[in-house]
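S.K.: Sequence:
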Amino acid sequence: MVKDFYKDEYIVVDLETTGLDPLQGHEIIEIGVTEIKKGDITLNYSRLIKPKGIISSFITNLTHISNEMVEGEKTLEEVLPKFREYIGDRVLIAHNAKFDIPFLNYYLEKMGLEPIKNYICTLEMLKMNKMYPLKKKSLSAACDFYGIKNVEAHRAYADTHATALLFLKIRDEI
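According to the UniProt record's numbering, the sequence shown holds residues 1 to 174 in order.
Just so you know, these hints were derived from the structure itself, not from any lab. C-beta: ideal position from N, C-alpha, C; glycine also. Treat the hints with care, as some may be off.
What follows is a set of in silico ranges between Cβ atoms, one per label pair, in the way DEER data are often shown [said to hold, decoys possible]:
#, residue 1, residue 2, range
1, K117, K74, 22 to 30 angstroms
2, H64, L43, 18 to 26 angstroms
3, G88, D40, 18 to 26 angstroms
With a straight-line cut-off of 27 angstroms between C-alpha atoms, the simulated DSS-like cross-links for lysine-lysine are [claimed, not checked]:
#, residue 1, residue 2
4, K52, K37
5, K136, K149
6, K37, K137
7, K7, K52
8, K37, K50
9, K169, K37
10, K38, K52
11, K98, K130
12, K82, K52
13, K82, K50
14, K7, K169
15, K135, K149
16, K74, K50
17, K98, K136
18, K137, K50
Input sequences plus hints: build the corresponding full structure.
M.R.: Rendered as structure tokens:
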């Protein structure tokens, strides 16, 4: 994990998946990106991805992503190489990067692409932040504490935007 909280450019990333473990065959069904350039949010984007398997009703209820929504979308094999190229050597930010980065790296490595090594975890930042008084470090708890609205939680574009705002708020506190 990178500890340089004052770079000119970051890419905030969030994944929505069909489960918790790519080793169990769980797949990425949405990648969200929010760009931060010189302290400003300049882009918020997400892409749905068609998995090989089906999306369970549990995941649909959680993410509001259905099998019908991903039917005409590109596969991960089509999306991930372009995504990796887009990231380049920029630092990624994720909330609970211990989930997103290994999940992403599993598929990057499976496709022979360079894994992500430079990243910042906002959950870890909360643990270092003496001004954050709550035990609960979830994205929703942190957003509530800082007054950040995340009206579509568990959708990648909404979670990356909320994480970007969270990063900018807590960066100066630590």
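S.K.: The structure should be examined with respect to each hint, and the outcome stated for every one.
M.R.: Against the structure, the hints come out as follows:
no.	hint	result
1	K117 with K74: 22 to 30 angstroms	26 angstroms, holds
2	H64 with L43: 18 to 26 angstroms	22 angstroms, holds
3	G88 with D40: 18 to 26 angstroms	19 angstroms, holds
4	K52 with K37	35 angstroms, violated
5	K136 with K149	17 angstroms, holds
6	K37 with K137	25 angstroms, holds
7	K7 with K52	37 angstroms, violated
8	K37 with K50	30 angstroms, violated
9	K169 with K37	15 angstroms, holds
10	K38 with K52	38 angstroms, violated
11	K98 with K130	22 angstroms, holds
12	K82 with K52	19 angstroms, holds
13	K82 with K50	16 angstroms, holds
14	K7 with K169	15 angstroms, holds
15	K135 with K149	20 angstroms, holds
16	K74 with K50	6 angstroms, holds
17	K98 with K136	16 angstroms, holds
18	K137 with K50	31 angstroms, violated
When the structure is compared with the earlier hints, violations turn up for hints 4, 7, 8, 10 and 18 and for no others.
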